[in-house]
Amino acid sequence: MRTRDFLNLTGSSLIAHRLRSFLTALGIAVGIAAVVLLTSIGEGVHQFVLSEFTQFGTTLVSINPGKTTTHGGNVGGFGTERPLTIEDAEALQRLPFARAVVPLVQGNAEVEADNRRRRTNVYGAGPQWPEAYRMQVKSGRFLPDDDPVAPRAFAVLGSKLRQELFGDRSPLGQRITIGGSRYRVIGVMESKGTVLGFDLDDTVYIPAARALSLFNKDTLFQIDLMYRQGTPVDTVVEGIKSLLEARHGRDDFTITTQQQMLDVLGSVLDVLTFAVGAIGGISLLVGGIGIVTIMTIAINERTNEIGLLRALGAKQSQVLGLFLGEAIVLAAFGGLAGLVLGVGIAELLHLALPALPVHTPLLYVALAEAIAVVIGLAAGVLPARRAALLDPVEALRSE
Amino acid sequence: MIQLTGIHRDFQVGDQTVHALDDVTLTIDSGEYISIMGPSGSGKSTLLNLLGLLDKPSSGSYRLNGQDVTALSDIQQAQVRNREIGFVFQMFHLVPRLTAAENVELPLILAGEAPEQRKSRVTRALADLGLSDRSHHKPDQLSGGQRQRVAIARATVTEPNVLLADEPTGNLDHKSGQDVIRILEELNQRGITLIMVTHDPEMGQRARRQLHMMDGRLDIDQLNQTDSAGDGTA
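Chains A and B, in that order, are what the protein sequence lines are. The first sequence begins at 109 in this note's numbering and counts up one residue at a time. The second sequence begins at 29 in this note's numbering and counts up one residue at a time.
Quick caveat, the hints were computed from the structure, so don't treat them as lab data. In this text the structure is predicted, and so the values were computed from the model without any measurement. Careful, some of the hints might be misleading.
Footprint (simulated), chain A over chain B, 3 or more residues, beta carbon under 8 Å [what the hints assert, rightly or not]: (1) 76-88; (2) 110-116; (3) 135-148.
Where a beta carbon is used, it is the ideal one built from N, C-alpha and C, also for glycine.
Generate the whole structure from the sequences, applying the supplied hints.
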């Protein structure tokens with residue numbers, strides 16, 4: 109049989125039962141729309157979270173004190189690990205691939221200016237912080253390149269903290285008190301907004317060595333190293349490792365590359381997207397059952413026609429193909445309608461709620477349509493097989 | 029052309045075995061006009077289905093044009109049905125959603141014939157049966173006699189050697205029935221082998237050769253003595 113004739117015959121029987129075909133295809137359409145919509149939202153969230161992370165660049169490596177391994181115990185033994193010090197950060201700075209190194213101490217303290225007080229995040233950082241984190245100074249300047257061990261008492265304010273403490277007055281040159289010590293304000297940062305729940309604007313930056321004594325700590329919370337673009341990440345990790353091992357005498361620190369973090373995050377988000385897609389898949393399954401039902405009914409109604417086709421010289425494979433074809437066409441058209449519906453709703457949602465990230469990748473669209481066709485195939489196989497195996501004599505005799 | 033030897037066809041009904049055909053041996057030559065008569069359940073429809081390769085014998089051999097067709101695969105049997113055999117049914121069995129022309133076209137479509145070729149063959153088949161002006165009508169817009177004529181056009185469009193008719197007038201009024209019989213006999217005169225099942229003696233006696241069946245056996249196999257309307261002009 110020619111392809112064109114095959115399509116004509118398939119089409120004619122679907123058109124003959126317009127309403128029924130429409131409703132059956134609608135079942136698949138709703139399923140596909142649900143899958144497309146949910147995965148669009150999942151993928152949108154995925155991209156949103158990743159872009160939040162990558163805004164700091166992908167050439168960051170962070171070094172934390174202590175060894176955390178996913179396999180094996182603490183290799184250094186208990187309580188023998190050395191703190192990460194400002195001298196460690198100094199040494200890392202001399203590595204050839206290091207573009208910026210930022211020692212980091214994080215805490216929370218009360219900041220006072222004139223008569224205003226506010227509890228806020230305190231970042232003990234190094235002068236290269238703006239470069240490593242791609243942040244801009246709005247007025248004044250960032251912390252200067254002082255002696256890292258005994259820096260001057262300068263502070264830089266986040267935009268929100270500035271607003272809270274000084275209102276519209278210029279804070280440059282003003283004195284503030286952080287946890288009882290006095291600092292002079294030398295700069296204000298550009299607003300950065302909230303990143304993953306941390307308000308980077310409600311912050312004050314002071315030199316890391318001063319933050320250590322403020323919080324009475326002997327170890328840095330973390331050292332961030334930004335390496336030069338193009339350096340293989342393995343070289344970076346090996347370089348840091350051998351340097352710190354030489355300084356500490358053992359491997360008592362943890363290196364996390366931005367790429368590793370992105371990979372882990374990405375795989376978690378992939379699971380999320382897949383999970384919401386699977387929920388949509390349930391409605392797709394229901395649509396598939398609709399096709400099985402309607403094809404079974406159609407074959408019961410058209411038993412006579414099947415017997416006739418066999419008498420006119422149709423092979424079993426041709427009868428199988430015709431009914432399978434009907435199921436696939438139903439599913440494919442339903443799938444197509446579902447795609448339009450799903451993408452349409454996703455776009456409307458995006459218009460109505462601009463804050464909700466929505467993204468429909470083309471691959472998902474193609475995949476959803478392929479799934480619809482496969483569902484048609486799967487749903488059609490059993491009824492079509494039954495049709496093909498009907499005894500022609502019995503089929504012709506049925507009313 | 030058709031050679032049946034020792035054909036048995038048994039059906040299992042509950043725990044009883046019904047012998048629908050019981051040792052039937054029969055030879056049919058090309059161009060014959062045969063009627064098969066007998067009471068209900070005597071096996072005449074089973075015999076016709078078997079001749080049309082819609083059913084398989086439990087035992088015995090069926091040779092069509094010298095070839096043992098019971099040994100053929102489903103695909104080969106379908107091809108034989110398509111090329112060699114035409115069916116006319118009591119219930120017409122037209123596909124209701126297709127027009128008369130499309131119904132006639134069906135066997136050619138199944139055979140994969142080219143559309144241009146199909147069109148001229150369908151037009152000719154419909155014209156032969158005086159249905160040219162009905163070709164775009166759906167079956168429910170046609171009278172019983174017209175429907176059966178469409179069915180005959182469909183059965184003959186592939187130019188088969190054998191035409192099997194199962195009570196072709198059973199659902200028609202007397203006049204339409206007479207028309208249909210006349211058409212079938214004309215086709216026979218042009219060379220097609222016509223095998224017709226009927227329980228109307230008046231119809232059956234028009235055939236040159238008459239078979240009577242009883243309880244699955246071929247009871248009587250006789251040639252018509254009197255000149256019937258069917259072969260009077262032959």
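So, going through the hints one by one against the coordinates:
no. : hint    : result
1   : 76-88   : holds (count 4)
2   : 110-116 : holds (count 3)
3   : 135-148 : holds (count 6)
Every hint, counting from the list given before, is met by this structure.
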